[in-house]
Amino acid sequence: MSQSNDLGGTPPADASRDDAALMDALWPLVAERGWNGFTFPELAERAGQDLAALRGRLPTKFHLLRLHSRLVDQAVLRDAVATASGTPRDRLFDTLMRRLDALQPHRQGIIRFGREMRSDPLLGLALAPVLAASMAWMLEAARINACGTAGVLRVNGLSAVWIATLRAWEQDDSLDLGATMAALDRALDKAERAARTLRLHQDEPTETPVAH
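Using this note's numbering, you'd call the opening residue of the sequence shown number 34 and step up by one each time.
Since the hints were derived computationally from the structure, they do not count as laboratory data. Watch out, some of these pointers could steer you wrong.
Unchecked claim - Computed cross-link-like contacts, DMTMM-like style, restricted to lysine to aspartate or glutamate with a CA-CA straight-line distance of at most 20 Å: (1) K94 x D112; (2) K94 x E65; (3) K94 x D106; (4) K94 x D83.
All chains should be built: construct the whole structure from the sequences, respecting the hints.
What follows is the structure, encoded as structure tokens:
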């Protein structure tokens with residue numbers, strides 16, 4: 034498998050299976066030992082993958098996070114047609130809830146990672162462009178333009194919405210994620226008010242883009 038398949042394009046079926054197996058091995062390790070508590074040989078063994086091949090695809094742990102972000106983006110985008118109707122706000126709500134659905138199988142590891150990341154400013158800073166790229170795709174999935182200066186502001190706003198939603202998700206053990214949905218609703222309210230203030234509406238009369 035080539036690194037280009039790992040970080041972009043349409044990977045072959047075997048690469049997709051390897052990626053899924055890698056994530057299924059990664060996040061339980063993080064839940065057990067923390068982000069800095071496991072090694073690549075342990076990860077390769079759990080995932081049933083060759084260590085040398087893993088090195089070729091993923092030079093650093095940071096590349097694991099980039100891979101995970103891409104896989105989550107793709108899981109949401111596969112169902113993007115489901116958000117084609119409704120208001121822009123409705124489409125964003127549905128898109129971000131589907132993103133949470135994609136995180137749910139690895140919940141414990143992701144929660145531990147998020148808490149550790151908040152005490153590691155350098156890691157958070159390094160991940161900022163990864164988050165921004167994902168949020169741009171989430172806007173596009175919701176049929177909201179993420180390009181240009183206004184798009185950058187929308188990405189920043191949606192990033193803030195997503196971070197607030199993740200904080201609620203960390204504390205929400207309910208099956209229906211009611212508290213998480215309420216937090217997302219409140220965050221979208223705040224973003225919508227900011228969008229009106231900054232006059233970031235698109236040409237479409239029904240569009241109410243998100244901004245921070």
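For each hint, the structure was consulted:
1. K94 x D112: 29 Å, violated
2. K94 x E65: Holds, at roughly 16 Å.
3. K94 x D106: 19 Å, holds
4. K94 x D83: Roughly 16 Å between the alpha carbons, so the hint for K94 and D83 holds.
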